[in-house]
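Colleague: Going by the UniProt record's numbering, the letters in the sequence shown line up with residues 1 to 293, in that order.
What the hints contain is simulated information worked out from the structure, not anything from laboratory work.
Accuracy of the hints is not assured; some may be wrong.
What the hints assert, rightly or not - With a straight-line Cα cutoff of 27 angstroms, these simulated DSS-like cross-link-like pairs (lysine-lysine) come out:
(1) Lys-182 x Lys-196
(2) Lys-171 x Lys-184
(3) Lys-182 x Lys-171
(4) Lys-196 x Lys-184
(5) Lys-196 x Lys-171
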Amino acid sequence: MESVARSQSATGPDAPVSSDSTLIYRQSRWTRLTHWIWAISLFFMLLSGLQIFNARPQLYIGKQSGFGYNNTIFEIGAENTSAGPRGYTEIFGHRFDTTGVLGWSGPPGNETARGFPSWATIPSYYDLGTARVVHFFFAWILTTTLIVWLVASLVNGHIRRDLAPRLDDLKRLPRDIVDHAKLKFHHTREYNTLQKMAYGGVLFVLLPLMIITGLAMSPSMNSVLPFLNEVLGGRQTARTIHFTVMLLLVGFFIIHILMILAAGPINELRSIITGWYRTDPPAHDDKTTERSA
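Between the sequences and the hints, there should be enough to build the whole structure, so can you do that?
Modeller: Right, dumping it as structure tokens:
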């Protein structure tokens with residue numbers, strides 16, 4: 001799998017050297033380690049988070065929630081109908097039948113009312129306490145790793161050198177979009193503009209926003225960061241933002257996997273497991289004009 005970030009040591013003077021000119025050491029040990037820590041942490045946070053969400057499968061905008069307010073924007077539930085119990089998902093007042101997946105699911109004959117199905121939650125049975133323990137444990141691992149990565153990347157120049165889009169990158173953005181739409185990929189050492197923008201969005205927008213909204217939902221943080229809820233528009237709004245960021249991260253993951261499959265899964269997986277990445281052969285004029293997928 002491609003790494004979310006490539007550290008300086010992957011291409012520095014101490015990097016391993018291959019006799020094959022097209023095989024380069026692209027991903028350092030630190031990059032590969034943080035990549036898999038984040039991937040594992042997000043996996044357990046997602047499934048335990050869905051279990052926590054099942055305790056109240058509604059989302060609101062504002063500081064209050066309940067029967068006396070009309071600020072629900074998303075809801076998963078179940079209702080009795082002439083055809084029997086049915087599950088539904090309601091988004092901004094528009095209701096969809098989601099029986100068997102959301103709202104009403106389970107083995108035939110043993111269906112139960114629950115937001116997300118048992119196969120999508122940790123633990124599979126309803127246990128809010130265990131889900132919270134798992135969720136917060138991996139949340140702190142994710143947060144700590146991200147802070148360490150951020151400080152190290154600022155010190156060694158990795159962010160400025162490898163992730164920050166330059167003017168030339170922005171000029172090449174239309175070409176990158178067309179190439180990706182045509183599934184035309186080029187394999188070189190550097191990330192292209194779309195990769196920089198996608199990875200930067202995850203590392204500097206989505207993950208920090210998920211951490212901040214997670215803190216805002218915690219009553220124990222009210223005394224530490226009393227202004228946080230006000231800035232985010234209330235605890236219920238923070239919860240809605242938190243859920244939305246989760247959906248965006250899931251979307252990023254799906255696109256990420258699809259791009260890996262399209263660009264060459266063996267090469268991409270070798271890169272993030274061993275560090276070695278096979279690039280396109282040099283052009284006849286010995287000038288590198290192609291850029292990575």
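Colleague: The structure should be examined with respect to each hint, and the outcome stated for every one.
Modeller: These are the hints, each one checked on the structure:
no., hint, verdict
1, Lys-182 x Lys-196, "holds, 19 angstroms"
2, Lys-171 x Lys-184, "holds, 18 angstroms"
3, Lys-182 x Lys-171, "holds, 19 angstroms"
4, Lys-196 x Lys-184, "holds, 18 angstroms"
5, Lys-196 x Lys-171, "holds, 14 angstroms"
No hint from the list above goes unmet by this structure.
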